[in-house]
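Note that the protein sequences, when read in sequence, are chains A and B.
Counted the way our numbering counts, the first sequence spans residues 119 to 379.
Counted the way our numbering counts, the second sequence spans residues -19 to 304.
No wet-lab data here; the hints were simulated from the structure.
Computed from a predicted model, the values in this text were never measured in an experiment.
Fair warning: there could be bad hints in the mix.
Here are a few chain B residues that sit away from chain A, every Cβ distance over 12 Å (derived from the structure) [as the list claims (entries may be wrong)]:
hint, residue
1, E62
2, A65
3, T120
4, G143
5, Y171
6, V230
7, E238
Output of the computed footprint for chain A on chain B, the stretches with three or more beta carbons under 8 Å from beta carbons of chain A [to be verified]:
hint, segment
8, 43 to 51
9, 150 to 156
Backbone N, C-alpha and C define an ideal beta-carbon position, used for all residues, glycine too.
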Amino acid sequence: MTNFFVQSYLTYRALFFWLNWPAYTGNVFLVPVLYITMLMLTGRFAGSPLDSDYYTKGMAAYSTPFILIWGITQCNYYERVIGTLAHVLGSSGNRWLIYWSRGTMHFPNGMFTVTSSLLFAWVFIGLDFSTTNWPTLIASILLIGFSCTSFALCVGVFAIVVRDWLVISAAASGLLILFTGVVVPVDELPFHLGYLGDVLPLTHGVAAFREAFLGASPGAVGSHLLWELAVGICYGLLGYLCFRLVEVDARRRGAYETSIL
Amino acid sequence: MAATTSIAVECKDLSRTYSSRNVVGRRRDFVALQGLNLEIPKGAIFGLLGPNGAGKTTTVRILSTLLTPTSGTARVLGYDVETQARQVRRNTGFILGGERGLYGRITGEQNMRFFAALNHINPRDAKRRTAQLLDRVGLTEHARTPVENYSRGMTQRLHIARGLLTDPPVLFMDEPTIGIDPIGAQELRNYVPELAGEGKTILLTTHYMAEADMLCDTIAIIDRGELAAVGAPGEIKRRFSKLAIIEVIVNRPREQLEAELLKLDAVERVESAAEGPFQKLTISVTSGFDLREKVTEVVGAENIEDLVSRDPTLEEAYINILKR
């Protein structure tokens, strides 16, 4: 296990290009706060305090996948661009551990950002925690972190393939903001698009997260929490499968350091 | 199962074709290797030479399991690179030239610790081995400097240290001295015989003929994916060079000497240059003729300060092979 954490820590230090004070504070703390403020003000301007509260909670929860997706995809992208991918995949290293080590150190970022977003919402927007069931809130945050780490690792594989992390990150986070009930309730999405939310991370996690503010116990939102866990496991396995397929395809096409597609 | 022969690396009819498609989906094939056959004995320093695009790097990439062959087989210590890739990786190290392939934002020591962890070396051994190897390549002082601040030579030395982390019996070195200043390149070259002395088998690709001549026991020249020549450097030089060289130092320079020597049969070219108070004549003679006596007659034995005949250079042989 020590080697797994050594890998996790050093790849994070080496490949996470937001690991400097301006970029880190900007992306982990400032950007989510600006999103929350923007949507909260939009809700108030539209004359609906209820909507404003809905947006605030949704965006606080969304801050986790935001930092996870943008962080993990950029690490995968740089791994290929700086030419270390060939050395990593040319090693006898355990592929399962290599794959997961790319996400481990980003998980705490997801926790920092949701915590700071909630803190901001409490202090400056007056988010009400009086009826909050804390175990449910913490469980939902942890599960959102897990499922979104899995999801980010999965989409991160495609950043290796297409050699672009911006497009991949924007598309993945766009999917989550649109179809997971962060801003628009899932059951109000047109053309049965709400069903798409069921196969995306965050949807059930954010539902449990909202319920936690209303005092729901973990047992009461158990199905949401289990669903979020299941989605996370599925993306974890799917991403790993994609990672192995990319490796096989790269060996076949000779594309570790050139274009794969 | 690994064979227990004396052969470390073996390629049989090894071929590799790269395919790509243009914007309208039309397929284009590029043949990088076609039917390459090689055998590298254990403990040898084997040089792979050839022009750009000849297939050298493709061969190294196949042998280090980064690429699968289109057809044919390649084995390292008896392990098939396709079906036994994990065993091949455990027994090989690869050192690539150039500045890519290391993490610039972390230190040299951290790079080593990362690759040690990746290769299942336990943390205590990793620490010891990292210190040993950084010391060996002269980077102890810079162990805690981010690699992005390293010079090209330092980066290359770190590549070597990384390649040796697992103490592999077989090393693939792909143009390890490319782009390095002469002193740095010389330092890197010194590692090669040292490593061979430890029993390692080394496959070295290079564009520098003098480097291959100096370091390698055996050389293979490949061109357009095919083996063009293989043998010891001296053997290749004798077999493929059309010219032998006689160098004469004359203590009483004479302008006419050049023209007189050109009249001799088998003399192809004479170059004359001043060397202090002496005249240096470089006489290119058709291979297979020994003209030392005739040259002595023309120049006059009493006028000769020194006369040596030498083998043609590997570069001459190389050019002749590729021009065939």
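Outcome of the hint check:
1. E62: Since the minimum Cβ distance to chain A is about 9 Å, E62/B lies within 12 Å and the statement is violated.
2. A65: violated (8 Å)
3. T120: holds (20 Å)
4. G143: violated (9 Å)
5. Y171: Holds, since 19 Å exceeds 12 Å.
6. V230: holds (54 Å)
7. E238: With a cut-off of 12 Å, E238/B remains clear of chain A, as the shortest Cβ separation is near 52 Å.
8. 43 to 51: Holds: 5 residues of the segment 43 to 51 of chain B have a Cβ under 8 Å from chain A.
9. 150 to 156: violated (count 0)
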